[in-house]
Amino acid sequence: MAQIYPFTNPQFADNQRPTQFVDGDGCYVTDANGNRYFDAVSGLWSASLGFNPSRLADAAGKQMTKLAFYHSFMGRTCEVTDRLAARLVEKLPDCLDHIFFGTSGSEAVDTAVKFAGYYQNALGRHGKSRIIARERGYHGSGIASAALSGLTYCHEGFDVPLDAVVRTGCPNFLHFAEPGESESRFSKRMAVELDELIRAEGPETIAAFIGEPAMGSGGVIIPPDGYWPEVQNVLARHDILLIADEIITGFGRTGSWFGCETFQIEPDMITLAKQLTASVFPMSAVAVRTEVYETMSGFANDLGVFGHGFTYGGHPVGAAIALEALAIYEEMNLPVFVKDMGERFALGLRGLARLPGVRDVRSVGLMGALEFEADDGAARCQAVLDRAKREGMLFRKIDDVLAICPPYIATEDDIDRVIEVLRVSVNATASNNESRDPIDSRPAAPRAS
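Heads up, the sequence shown is in the working numbering, so the first residue is 1 and it goes up one at a time.
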(Lines of atoms letter the chains of each structure in order from A; the text may use other names.)
(Lines give C-alpha, C1' and ligand atoms only; values in the text may rest on other atoms or scores of the structure.)
Protein backbone atom coordinates (compact mmCIF):
# COMPACT_ATOMS: atom_id res chain seq x y z
CA MET A 1 0.00 0.00 0.00
CA ALA A 2 1.28 3.46 -0.87
CA GLN A 3 -0.10 5.17 2.21
CA ILE A 4 1.51 4.83 5.65
CA TYR A 5 -1.48 4.53 7.96
CA PRO A 6 -1.45 6.14 11.42
CA PHE A 7 -1.71 3.90 14.49
CA THR A 8 -1.74 0.81 12.26
CA ASN A 9 0.71 -2.07 11.87
CA PRO A 10 2.23 -1.29 8.43
CA GLN A 11 2.82 -4.94 7.56
CA PHE A 12 -0.75 -5.78 8.46
CA ALA A 13 -1.94 -2.99 6.16
CA ASP A 14 0.37 -4.24 3.39
CA ASN A 15 -1.22 -7.68 3.58
CA GLN A 16 -4.81 -6.78 4.35
CA ARG A 17 -6.24 -3.64 2.80
CA PRO A 18 -7.72 -1.28 5.42
CA THR A 19 -11.42 -0.65 5.11
CA GLN A 20 -11.98 2.19 2.65
CA PHE A 21 -14.90 4.54 3.23
CA VAL A 22 -16.43 6.27 0.25
CA ASP A 23 -19.59 8.00 1.41
CA GLY A 24 -21.13 9.72 4.41
CA ASP A 25 -24.76 10.45 5.23
CA GLY A 26 -25.52 12.04 8.59
CA CYS A 27 -24.28 9.66 11.28
CA TYR A 28 -23.62 6.90 8.73
CA VAL A 29 -20.60 6.00 6.61
CA THR A 30 -20.46 3.55 3.72
CA ASP A 31 -17.42 1.49 2.78
CA ALA A 32 -16.15 0.55 -0.68
CA ASN A 33 -18.06 -2.75 -0.51
CA GLY A 34 -21.36 -0.98 0.07
CA ASN A 35 -21.62 -1.77 3.80
CA ARG A 36 -23.32 1.05 5.73
CA TYR A 37 -22.45 1.75 9.37
CA PHE A 38 -23.70 4.01 12.10
CA ASP A 39 -20.48 5.51 13.52
CA ALA A 40 -21.06 5.63 17.26
CA VAL A 41 -17.65 7.24 17.95
CA SER A 42 -18.04 10.19 15.54
CA GLY A 43 -14.99 9.03 13.60
CA LEU A 44 -12.28 10.04 16.08
CA TRP A 45 -14.51 11.65 18.76
CA SER A 46 -14.88 14.51 16.33
CA ALA A 47 -17.52 14.43 13.56
CA SER A 48 -20.03 16.20 15.78
CA LEU A 49 -22.36 17.16 12.91
CA GLY A 50 -22.03 13.92 10.96
CA PHE A 51 -20.16 13.02 7.81
CA ASN A 52 -21.67 15.31 5.17
CA PRO A 53 -22.96 18.49 6.87
CA SER A 54 -24.33 20.58 4.01
CA ARG A 55 -24.19 23.91 5.81
CA LEU A 56 -20.49 23.49 6.50
CA ALA A 57 -19.87 22.49 2.89
CA ASP A 58 -21.71 25.61 1.75
CA ALA A 59 -19.68 27.80 4.13
CA ALA A 60 -16.46 26.27 2.80
CA GLY A 61 -17.46 26.77 -0.83
CA LYS A 62 -18.51 30.37 -0.28
CA GLN A 63 -15.23 31.21 1.45
CA MET A 64 -13.17 29.41 -1.21
CA THR A 65 -14.66 31.56 -3.94
CA LYS A 66 -13.93 34.70 -1.90
CA LEU A 67 -10.49 34.03 -0.36
CA ALA A 68 -9.27 30.43 -0.48
CA PHE A 69 -6.08 31.08 1.49
CA TYR A 70 -4.14 33.76 3.26
CA HIS A 71 -1.83 33.70 6.24
CA SER A 72 -1.63 35.49 9.58
CA PHE A 73 2.12 36.19 9.61
CA MET A 74 3.97 39.51 9.88
CA GLY A 75 1.13 41.92 10.37
CA ARG A 76 -1.38 40.34 7.99
CA THR A 77 -4.48 38.28 8.65
CA CYS A 78 -7.92 37.36 7.33
CA GLU A 79 -11.07 39.16 8.40
CA VAL A 80 -12.93 35.88 8.85
CA THR A 81 -10.19 34.55 11.13
CA ASP A 82 -10.32 37.63 13.36
CA ARG A 83 -14.08 37.21 13.52
CA LEU A 84 -13.71 33.58 14.62
CA ALA A 85 -11.23 34.52 17.35
CA ALA A 86 -13.67 37.09 18.72
CA ARG A 87 -16.54 34.58 18.67
CA LEU A 88 -14.47 31.98 20.50
CA VAL A 89 -13.55 34.48 23.21
CA GLU A 90 -17.27 35.12 23.72
CA LYS A 91 -17.86 31.41 24.31
CA LEU A 92 -14.79 30.50 26.34
CA PRO A 93 -14.57 30.70 30.15
CA ASP A 94 -13.71 34.12 31.54
CA CYS A 95 -10.19 35.52 31.13
CA LEU A 96 -9.32 33.26 28.17
CA ASP A 97 -9.30 36.17 25.77
CA HIS A 98 -6.58 35.53 23.19
CA ILE A 99 -6.55 32.80 20.52
CA PHE A 100 -3.72 31.23 18.51
CA PHE A 101 -4.71 29.04 15.55
CA GLY A 102 -3.15 25.87 14.17
CA THR A 103 -4.29 22.88 12.15
CA SER A 104 -4.37 19.85 14.50
CA GLY A 105 -4.78 18.92 18.12
CA SER A 106 -1.18 17.72 18.33
CA GLU A 107 -0.06 21.08 16.98
CA ALA A 108 -2.20 22.88 19.57
CA VAL A 109 -0.64 20.89 22.41
CA ASP A 110 2.90 21.49 21.13
CA THR A 111 2.03 25.20 20.92
CA ALA A 112 0.68 25.30 24.47
CA VAL A 113 3.88 23.65 25.73
CA LYS A 114 5.99 26.25 23.92
CA PHE A 115 3.81 29.02 25.33
CA ALA A 116 4.24 27.68 28.88
CA GLY A 117 8.03 27.75 28.56
CA TYR A 118 7.96 31.17 26.90
CA TYR A 119 5.83 32.55 29.73
CA GLN A 120 8.15 31.21 32.42
CA ASN A 121 11.22 32.56 30.60
CA ALA A 122 9.53 35.94 30.32
CA LEU A 123 9.33 35.98 34.10
CA GLY A 124 13.01 35.08 34.39
CA ARG A 125 12.24 31.54 35.55
CA HIS A 126 14.75 29.87 33.27
CA GLY A 127 14.77 26.10 33.65
CA LYS A 128 11.10 26.04 34.71
CA SER A 129 10.26 24.15 31.54
CA ARG A 130 9.08 20.60 32.21
CA ILE A 131 5.42 19.58 31.95
CA ILE A 132 3.42 17.34 34.28
CA ALA A 133 1.23 14.86 32.39
CA ARG A 134 -0.80 11.91 33.56
CA GLU A 135 -0.66 8.18 33.01
CA ARG A 136 -3.25 7.18 30.38
CA GLY A 137 -3.56 10.75 29.11
CA TYR A 138 -3.52 11.26 25.36
CA HIS A 139 -2.34 14.57 23.91
CA GLY A 140 -1.33 13.79 20.33
CA SER A 141 1.50 12.45 18.20
CA GLY A 142 3.78 15.41 17.61
CA ILE A 143 7.10 15.68 19.42
CA ALA A 144 6.03 17.23 22.72
CA SER A 145 2.44 15.98 22.49
CA ALA A 146 3.53 12.35 22.05
CA ALA A 147 5.93 12.63 24.97
CA LEU A 148 3.13 14.03 27.13
CA SER A 149 0.80 11.17 26.23
CA GLY A 150 0.84 8.57 28.99
CA LEU A 151 0.41 5.65 26.59
CA THR A 152 3.55 3.70 25.76
CA TYR A 153 2.61 3.03 22.13
CA CYS A 154 3.13 6.77 21.51
CA HIS A 155 6.76 6.47 22.66
CA GLU A 156 8.06 3.08 21.60
CA GLY A 157 10.70 3.37 18.88
CA PHE A 158 10.50 7.16 18.78
CA ASP A 159 13.02 9.44 20.48
CA VAL A 160 10.41 11.70 22.00
CA PRO A 161 11.69 13.98 24.80
CA LEU A 162 10.42 12.00 27.78
CA ASP A 163 12.89 13.74 30.07
CA ALA A 164 10.83 16.92 29.59
CA VAL A 165 7.80 15.20 31.16
CA VAL A 166 7.01 14.60 34.82
CA ARG A 167 4.50 11.74 34.99
CA THR A 168 1.74 11.66 37.59
CA GLY A 169 -1.06 9.22 38.33
CA CYS A 170 -4.27 8.57 36.44
CA PRO A 171 -7.50 9.55 38.25
CA ASN A 172 -9.21 6.23 37.58
CA PHE A 173 -11.24 5.66 40.73
CA LEU A 174 -12.41 2.20 39.60
CA HIS A 175 -8.85 0.92 39.23
CA PHE A 176 -6.87 2.80 41.85
CA ALA A 177 -9.12 3.59 44.81
CA GLU A 178 -8.20 1.91 48.06
CA PRO A 179 -10.78 -0.32 49.81
CA GLY A 180 -13.49 1.82 51.39
CA GLU A 181 -12.09 5.04 49.94
CA SER A 182 -14.64 7.61 48.79
CA GLU A 183 -14.20 9.58 45.58
CA SER A 184 -13.42 12.76 47.50
CA ARG A 185 -10.82 11.00 49.66
CA PHE A 186 -9.30 9.44 46.55
CA SER A 187 -9.05 12.90 44.95
CA LYS A 188 -7.37 14.32 48.05
CA ARG A 189 -4.87 11.46 48.06
CA MET A 190 -4.06 12.05 44.39
CA ALA A 191 -3.49 15.72 45.15
CA VAL A 192 -1.14 14.86 48.01
CA GLU A 193 0.80 12.52 45.70
CA LEU A 194 0.99 15.27 43.08
CA ASP A 195 2.29 17.75 45.63
CA GLU A 196 4.92 15.28 46.82
CA LEU A 197 5.97 14.62 43.21
CA ILE A 198 6.38 18.33 42.50
CA ARG A 199 8.43 18.87 45.64
CA ALA A 200 10.64 15.89 44.79
CA GLU A 201 11.23 17.03 41.20
CA GLY A 202 11.59 20.69 42.12
CA PRO A 203 8.78 23.17 41.40
CA GLU A 204 11.40 25.50 39.89
CA THR A 205 11.73 22.99 37.01
CA ILE A 206 8.03 22.64 36.15
CA ALA A 207 6.22 25.06 33.86
CA ALA A 208 2.76 23.53 33.52
CA PHE A 209 0.39 20.63 34.10
CA ILE A 210 -1.68 19.29 31.19
CA GLY A 211 -4.81 17.19 31.47
CA GLU A 212 -8.03 16.37 29.65
CA PRO A 213 -11.08 17.41 31.70
CA ALA A 214 -12.35 13.88 31.05
CA MET A 215 -9.94 11.41 29.44
CA GLY A 216 -10.91 9.98 26.07
CA SER A 217 -8.34 7.79 24.32
CA GLY A 218 -6.96 6.55 27.65
CA GLY A 219 -10.22 4.72 28.32
CA VAL A 220 -13.02 7.27 28.86
CA ILE A 221 -11.99 8.12 32.40
CA ILE A 222 -14.29 10.58 34.14
CA PRO A 223 -12.68 12.45 37.05
CA PRO A 224 -13.95 11.58 40.53
CA ASP A 225 -15.61 14.12 42.79
CA GLY A 226 -13.28 16.89 43.87
CA TYR A 227 -10.38 15.88 41.64
CA TRP A 228 -9.92 19.05 39.64
CA PRO A 229 -10.30 21.53 42.53
CA GLU A 230 -7.74 19.54 44.53
CA VAL A 231 -5.28 19.49 41.60
CA GLN A 232 -5.67 23.21 41.01
CA ASN A 233 -4.91 23.99 44.65
CA VAL A 234 -1.61 22.14 44.33
CA LEU A 235 -0.64 23.84 41.08
CA ALA A 236 -1.40 27.30 42.46
CA ARG A 237 0.83 26.57 45.45
CA HIS A 238 3.80 26.01 43.13
CA ASP A 239 3.14 28.63 40.39
CA ILE A 240 2.51 25.94 37.78
CA LEU A 241 0.27 26.74 34.81
CA LEU A 242 -2.73 24.56 33.97
CA ILE A 243 -3.34 23.53 30.35
CA ALA A 244 -6.77 21.98 29.79
CA ASP A 245 -6.71 19.70 26.77
CA GLU A 246 -10.26 20.17 25.45
CA ILE A 247 -9.62 18.64 22.04
CA ILE A 248 -12.27 15.96 22.70
CA THR A 249 -14.38 17.62 25.40
CA GLY A 250 -14.66 21.12 23.89
CA PHE A 251 -17.86 22.37 22.25
CA GLY A 252 -20.55 20.59 24.19
CA ARG A 253 -19.39 17.00 24.55
CA THR A 254 -19.74 16.89 28.36
CA GLY A 255 -23.01 18.86 28.54
CA SER A 256 -21.38 22.30 28.90
CA TRP A 257 -19.75 24.41 26.21
CA PHE A 258 -16.42 23.25 27.61
CA GLY A 259 -15.36 20.44 29.89
CA CYS A 260 -13.73 23.03 32.14
CA GLU A 261 -17.21 24.29 33.00
CA THR A 262 -18.49 20.78 33.71
CA PHE A 263 -15.64 20.00 36.11
CA GLN A 264 -14.95 23.45 37.65
CA ILE A 265 -11.56 23.96 36.03
CA GLU A 266 -9.99 27.42 35.71
CA PRO A 267 -7.19 26.91 33.18
CA ASP A 268 -4.43 29.19 32.00
CA MET A 269 -4.68 27.72 28.50
CA ILE A 270 -7.15 25.52 26.61
CA THR A 271 -6.37 23.47 23.52
CA LEU A 272 -9.18 23.02 20.98
CA ALA A 273 -9.65 21.09 17.73
CA LYS A 274 -11.95 18.28 16.46
CA GLN A 275 -15.43 19.76 17.11
CA LEU A 276 -14.20 23.30 16.41
CA THR A 277 -14.98 22.64 12.73
CA ALA A 278 -16.91 19.40 13.34
CA SER A 279 -13.78 17.86 11.74
CA VAL A 280 -14.79 19.07 8.28
CA PHE A 281 -11.53 21.07 8.09
CA PRO A 282 -8.22 20.62 9.93
CA MET A 283 -8.14 23.47 12.43
CA SER A 284 -7.08 23.89 16.05
CA ALA A 285 -6.69 26.67 18.57
CA VAL A 286 -4.99 27.53 21.84
CA ALA A 287 -6.87 29.94 24.09
CA VAL A 288 -4.69 31.90 26.50
CA ARG A 289 -5.52 33.66 29.78
CA THR A 290 -5.04 37.44 29.91
CA GLU A 291 -2.11 37.37 32.33
CA VAL A 292 -0.25 34.76 30.30
CA TYR A 293 -0.81 36.65 27.05
CA GLU A 294 0.32 39.99 28.47
CA THR A 295 3.50 38.45 29.89
CA MET A 296 4.29 36.73 26.58
CA SER A 297 3.47 39.90 24.65
CA GLY A 298 5.90 42.01 26.64
CA PHE A 299 8.64 39.40 26.24
CA ALA A 300 8.06 39.20 22.48
CA ASN A 301 8.33 42.98 22.28
CA ASP A 302 11.68 42.82 24.05
CA LEU A 303 12.88 40.12 21.65
CA GLY A 304 11.53 41.95 18.61
CA VAL A 305 9.27 39.17 17.28
CA PHE A 306 7.00 36.36 18.42
CA GLY A 307 8.73 33.54 16.57
CA HIS A 308 6.03 30.88 16.36
CA GLY A 309 3.41 30.06 13.73
CA PHE A 310 2.13 27.70 11.03
CA THR A 311 1.49 28.39 7.36
CA TYR A 312 -2.10 27.16 7.54
CA GLY A 313 -2.88 28.45 11.03
CA GLY A 314 -6.04 30.56 10.98
CA HIS A 315 -6.91 29.36 7.48
CA PRO A 316 -9.85 31.40 6.15
CA VAL A 317 -11.79 28.37 4.92
CA GLY A 318 -11.41 26.66 8.29
CA ALA A 319 -12.47 29.85 10.04
CA ALA A 320 -15.61 30.14 7.91
CA ILE A 321 -16.50 26.52 8.65
CA ALA A 322 -15.89 26.98 12.38
CA LEU A 323 -18.13 30.06 12.47
CA GLU A 324 -20.92 28.11 10.80
CA ALA A 325 -20.41 25.17 13.17
CA LEU A 326 -20.70 27.56 16.12
CA ALA A 327 -23.91 28.96 14.64
CA ILE A 328 -25.35 25.45 14.36
CA TYR A 329 -24.32 24.61 17.93
CA GLU A 330 -26.03 27.75 19.18
CA GLU A 331 -29.21 26.98 17.23
CA MET A 332 -29.20 23.53 18.84
CA ASN A 333 -28.77 25.13 22.28
CA LEU A 334 -25.98 22.60 22.49
CA PRO A 335 -25.31 22.30 26.23
CA VAL A 336 -29.00 21.77 26.99
CA PHE A 337 -29.38 19.37 24.07
CA VAL A 338 -26.38 17.28 25.15
CA LYS A 339 -27.51 17.21 28.77
CA ASP A 340 -30.97 15.99 27.79
CA MET A 341 -29.72 13.44 25.28
CA GLY A 342 -26.96 12.49 27.72
CA GLU A 343 -29.54 11.56 30.34
CA ARG A 344 -31.14 9.14 27.91
CA PHE A 345 -27.72 7.78 26.97
CA ALA A 346 -26.70 7.33 30.62
CA LEU A 347 -29.98 5.60 31.46
CA GLY A 348 -29.48 3.17 28.60
CA LEU A 349 -25.91 2.44 29.66
CA ARG A 350 -26.97 1.77 33.23
CA GLY A 351 -29.28 -0.89 31.87
CA LEU A 352 -26.21 -2.72 30.52
CA ALA A 353 -24.29 -2.72 33.80
CA ARG A 354 -25.31 -6.26 34.82
CA LEU A 355 -24.72 -7.92 31.48
CA PRO A 356 -22.24 -10.83 31.49
CA GLY A 357 -18.61 -9.71 31.68
CA VAL A 358 -19.38 -6.00 32.11
CA ARG A 359 -17.31 -4.48 34.90
CA ASP A 360 -18.42 -0.85 34.62
CA VAL A 361 -20.49 1.57 32.59
CA ARG A 362 -19.89 5.31 32.72
CA SER A 363 -20.69 8.49 30.84
CA VAL A 364 -20.71 12.26 30.91
CA GLY A 365 -22.82 14.09 28.36
CA LEU A 366 -22.55 12.21 25.07
CA MET A 367 -19.32 10.40 25.87
CA GLY A 368 -19.34 7.01 27.52
CA ALA A 369 -17.92 3.52 27.84
CA LEU A 370 -18.44 -0.10 28.75
CA GLU A 371 -15.52 -1.68 30.56
CA PHE A 372 -15.20 -5.46 30.66
CA GLU A 373 -13.89 -7.71 33.41
CA ALA A 374 -10.10 -7.80 33.52
CA ASP A 375 -9.49 -11.55 33.09
CA ASP A 376 -10.49 -11.60 29.42
CA GLY A 377 -11.63 -8.01 29.00
CA ALA A 378 -9.64 -7.10 25.90
CA ALA A 379 -10.76 -10.23 24.04
CA ARG A 380 -14.37 -9.75 25.13
CA CYS A 381 -14.25 -6.12 24.04
CA GLN A 382 -12.93 -7.12 20.61
CA ALA A 383 -15.66 -9.72 20.23
CA VAL A 384 -18.34 -7.17 21.07
CA LEU A 385 -16.78 -4.69 18.65
CA ASP A 386 -16.80 -7.29 15.87
CA ARG A 387 -20.36 -8.36 16.59
CA ALA A 388 -21.59 -4.74 16.60
CA LYS A 389 -19.88 -4.13 13.27
CA ARG A 390 -21.83 -7.04 11.79
CA GLU A 391 -24.94 -5.28 13.03
CA GLY A 392 -23.90 -2.11 11.20
CA MET A 393 -22.43 -0.10 14.07
CA LEU A 394 -18.89 1.11 14.74
CA PHE A 395 -17.42 1.59 18.22
CA ARG A 396 -13.84 1.96 19.44
CA LYS A 397 -11.84 -0.55 21.47
CA ILE A 398 -9.35 0.75 24.06
CA ASP A 399 -7.88 -2.37 25.67
CA ASP A 400 -10.85 -3.69 27.70
CA VAL A 401 -12.96 -0.54 27.22
CA LEU A 402 -15.53 0.03 24.48
CA ALA A 403 -15.77 3.77 23.82
CA ILE A 404 -18.96 5.52 22.66
CA CYS A 405 -19.17 9.10 21.41
CA PRO A 406 -22.10 9.62 19.01
CA PRO A 407 -22.51 12.68 16.77
CA TYR A 408 -24.70 15.49 18.08
CA ILE A 409 -27.12 14.92 15.23
CA ALA A 410 -28.00 11.47 16.60
CA THR A 411 -31.70 11.16 17.40
CA GLU A 412 -33.34 9.55 20.41
CA ASP A 413 -34.01 6.50 18.26
CA ASP A 414 -30.33 6.43 17.30
CA ILE A 415 -29.28 6.47 20.96
CA ASP A 416 -31.74 3.67 21.71
CA ARG A 417 -30.32 1.69 18.80
CA VAL A 418 -26.77 2.15 20.10
CA ILE A 419 -27.81 0.74 23.47
CA GLU A 420 -29.70 -2.15 21.90
CA VAL A 421 -26.81 -3.14 19.62
CA LEU A 422 -24.53 -3.12 22.65
CA ARG A 423 -26.97 -5.25 24.65
CA VAL A 424 -27.33 -7.88 21.95
CA SER A 425 -23.62 -7.88 21.12
CA VAL A 426 -22.54 -8.33 24.74
CA ASN A 427 -25.09 -11.12 25.33
CA ALA A 428 -24.23 -12.89 22.09
CA THR A 429 -20.49 -12.89 22.74
CA ALA A 430 -20.95 -13.91 26.37
CA SER A 431 -22.79 -17.05 25.33
CA ASN A 432 -20.46 -17.64 22.36
CA ASN A 433 -23.60 -17.51 20.27
CA GLU A 434 -22.53 -15.82 17.08
CA SER A 435 -25.83 -16.34 15.28
CA ARG A 436 -27.36 -13.17 13.92
CA ASP A 437 -30.00 -12.60 16.59
CA PRO A 438 -32.43 -9.95 15.41
CA ILE A 439 -31.96 -6.59 17.08
CA ASP A 440 -34.99 -5.67 19.17
CA SER A 441 -36.38 -2.45 17.75
CA ARG A 442 -37.99 -1.42 21.04
CA PRO A 443 -36.38 1.45 22.98
CA ALA A 444 -33.70 0.16 25.36
CA ALA A 445 -34.79 2.58 28.06
CA PRO A 446 -37.79 4.82 28.81
CA ARG A 447 -37.57 8.31 27.41
CA ALA A 448 -35.84 10.77 29.67
CA SER A 449 -38.08 13.56 30.90
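Just so you know, the hints here were simulated from the structure itself, not pulled from any lab data.
A few of these clues could be false.
[Claimed, not checked] Label pairs and their calculated CB-CB ranges:
(1) N52 with T77: 36 to 44 Å
(2) R359 with E291: 40 to 48 Å
(3) Q264 with D97: 13 to 21 Å
(4) A86 with G157: 42 to 50 Å
[Claimed, not checked] Here are the computed lysine-lysine pairs in the DSSO-like style, where the Cα-Cα straight-line distance is at most 30 Å:
(5) K91 with K339
(6) K66 with K114
(7) K91 with K62
(8) K339 with K397
(9) K188 with K339
(10) K91 with K66
(11) K91 with K114
Glycine is no exception: its CB is placed at the ideal position from the N, C-alpha and C atoms.
Comparing the hints with the structure gives:
Look at N52 against T77: about 30 Å separates their beta carbons, and that is not inside 36 to 44 Å. For R359 and E291, the Cβ-Cβ distance of about 44 Å falls inside the hinted range of 40 to 48 Å, so the restraint holds. Between Q264 and D97 the Cβ separation comes to about 20 Å, which falls inside the hinted range of 13 to 21 Å. Take A86 and G157: their Cβ atoms lie about 43 Å apart, and the range 42 to 50 Å holds.
With a CA separation close to 18 Å, the supplied pair K91 and K339 stays within the 30 Å bound. Under the criterion of a C-alpha separation no larger than 30 Å, the hint pairing K66 with K114 is inconsistent with the structure, at around 34 Å. Between K91 and K62, the direct Cα distance comes to roughly 25 Å. Compliance with the 30 Å bound is thereby established for this hinted pair. This hinted pair checks out: K339 and K397 have alpha carbons roughly 25 Å apart, not beyond 30 Å.
A threshold of 30 Å between alpha carbons decides the hint, and for K188 with K339 the separation of about 28 Å falls inside it, so the pair holds. This hinted pair checks out: K91 and K66 have alpha carbons roughly 27 Å apart, not beyond 30 Å. Restraint check for K91 and K114: satisfied, since their Cα atoms lie roughly 24 Å apart, inside the 30 Å limit.
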